[in-house]
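Protein chains: 2
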Amino acid sequence: MVISKNMEKLVAGSSTIRKLFEEGLQMAQQVGAENVYDFSLGNPASPVPTEVRDAINDILENTEGNVVHGYMKNAGYDNVRQAVADSLNKKNGTSYTKENIIMTCGAAGGMNCVFRSILDTDDEVIAFAPFFGEYRNYANNYGGKLVVVPADTDTFQLNLKELPRLINKKTKCIIVNNPNNPSGVIYTAETIKKLNDILVNAEKKIGHPIYVLADEPYRELVYGGQDVPYIPNIIKNSIFLYSFSKTLSLPGERIGYMAVSSDVDYYDELINAFIVANRCLGFVNAPSLFQLVVSKCLDVPANIAFYDANRTLLYKELTEMGFDIVKPDGAFYMLIKSPTQDEEEFVAMGKKYHIILVPAKSFGCPGYVRLAYCVSNDMIKRSIPAFKKLAAEYFG
Amino acid sequence: MVISKNMEKLVAGSSTIRKLFEEGLQMAQQVGAENVYDFSLGNPASPVPTEVRDAINDILENTEGNVVHGYMKNAGYDNVRQAVADSLNKKNGTSYTKENIIMTCGAAGGMNCVFRSILDTDDEVIAFAPFFGEYRNYANNYGGKLVVVPADTDTFQLNLKELPRLINKKTKCIIVNNPNNPSGVIYTAETIKKLNDILVNAEKKIGHPIYVLADEPYRELVYGGQDVPYIPNIIKNSIFLYSFSKTLSLPGERIGYMAVSSDVDYYDELINAFIVANRCLGFVNAPSLFQLVVSKCLDVPANIAFYDANRTLLYKELTEMGFDIVKPDGAFYMLIKSPTQDEEEFVAMGKKYHIILVPAKSFGCPGYVRLAYCVSNDMIKRSIPAFKKLAAEYFG
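In the order they appear, the protein sequences are chains S and H. Residue numbering for the first sequence follows this note's numbering, beginning at 1 and increasing consecutively. Residue numbering for the second sequence follows this note's numbering, beginning at 1 and increasing consecutively.
Keep in mind the hints are simulated off the structure, nothing from the lab. It should be emphasised that the depicted structure is a prediction, and the values quoted were computed from it without experimental measurement. Among the clues, some could well be false.
For identical chains, the list gives no copy identity; a pair is met inside one copy or between any two copies.
Straight-line alpha carbon distances no greater than 16 Å define the calculated EDC-like cross-link-like pairs of lysine to aspartate or glutamate that follow [to be verified]:
1) Lys161 with Glu190
2) Lys327 with Asp154
3) Lys381 with Glu317
4) Lys5 with Asp123
5) Lys389 with Glu317
6) Lys145 with Asp122
7) Lys73 with Glu22
8) Lys73 with Glu23
9) Lys9 with Glu269
10) Lys5 with Glu124
11) Lys9 with Asp120
12) Lys236 with Asp197
Modelling step: build the complete structure from the supplied sequences, incorporating the hints.
What follows is the structure, encoded as structure tokens:
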């Protein structure tokens, strides 16, 4: 075979979500887009804020094209990195400078840079179920291994009881995705403090740092004003990963950043390695125009009302129909408990009514399905009769 | 240490070019930008074509923001991929459809996708010196090894005499960069045909395909109308990698594509793996707005006159001063033979006169330095007196 062994596995178990998304596109061609209720993908339907368009126009008017579209340092434009640092400092009381910020190709690009930099073959990355399935592939790119802490299906908070036994000398980092995709649950400051206690102890035992990757593209998408703790303020060895994809409805533009406090262990080595990784993985730098754009949109709020309308309506309707749902406080996903033991059957049944859901097996949480409600409010309304038919299959 | 072993080496031998570029920025702060002659980086100074700006405006006016900036298939927008296929077919008589095209984060992103897909640990990639130093890092990302065919310093064509002995069962692919960075030499159709003969034989012997990665970001930058053969028309198992960075002066935007003919061995497996790699390496997809932009600029010609003026002036002046130069027919680089055995000394001497050149050791071609003349014509003119002083150190 010409495909590498490592890649063969990856292709075989390739993204369920993306397959379902492409299936949804086909279904739409057959029965009409208005009759397909595609909840598969985290593709934000909230309109792109007008500030983005204004920023593009402003930049194209006032900055020379070869600067806007040219190479800059691999870490990003100095002024963009400083603007990001200032914004984080204002919001979280941190003391970053531009030297602590690397502009990345989304949070996914940032995480790949971290894994490329710190993982040797068979090193371990810990994730808490439920988790974004791509984490496994990102670790796997560099010979790393994802170790999964099983979900606490009572609270969907971090399952800290199960964590210590999974830490060993091979453990290099732990991913904390807050608010969580796919559950929509927010991990509280109390939970993060407990996590810190465990890690401080564990680091002493194993003799090297365990970095916490705070993967937080959804941190601005919070309902009811709940607090999302800023993890680097609680856990010293944190690397903060952010993407503008969700807040600004720009997922296709691949723009985000990482923030690494000068206080983390081996700061100099790490930041240097991350920048080199950004270059050598072929990102070279985060897309240039959109670096400049987001630096002008750092105070643009997420369109919370848009998603909250979807969340409120769906949660009310679906629970009334008899579905058992983990109530989401953030992000734009909800987990529905499958009415059948094998959630793939439930997903298949959904397709009968042109409802596209994702089996949460791929998130390390079998028995549940994920619903991405980052769709138009109109689609949510139109989908209710279809959900009623689906509910009737089980509770009717 | 917290940095992976593989990464430690990479950081230690990190990009000479990038270091020199950042050194140039510092030098400019000290002595004024107008007194620094920075020839280190392939950052095109030719103005961004007005068609790019027009395309951006047109797209923002006429396409919904969530489509412009949203997720699409990981391989790219269908209509963009089809436009690229049509353009290649028109230019090269190929018969691609959108299924053969994957939009990538530059050619660097595309090459990383290929390596991620086909390299197992210790698999080998062959490059012909002189070669772009990042190739080694790209292979290394996935445990692969770069094997270098030494330069033929008489002709700077592919050194095919030395190739066969370097092919073995571990050989997965060969990179051909045409026109070449850093020499500016164009490999002729005759050379490529001879390469094909060698590979067809070698494939029979080793029992698996050896893919040729035609890395061609400079293919439109050709002086004097010389022909650049379209490698996939000569070598069946070719993967064509392209970037719009150089032709459209958009290196910061990270936009390019790969074209994989349906005729290559194991086509289905390959194209599928490349798309998965594009997703899992964290690119997810090529930046969305610029996919749409380049699809409207496929017929925009490179600004050949801009670079040719630089090439002609520099070549004439520098050879008159006594420098020995490989005459470039394409791209925007030239190789100068170092007047001292160790070209690092020559580079250091250049810095004395604020001339920044790159030692070609990092291109596998010691004894030479690379000069990137993709700078303003004005800077070229201003640099001549400095070069005269530099020449006087050796020939004066």
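Violated constraints from the hint list, given by number and in increasing order: Failing hints: none at all.
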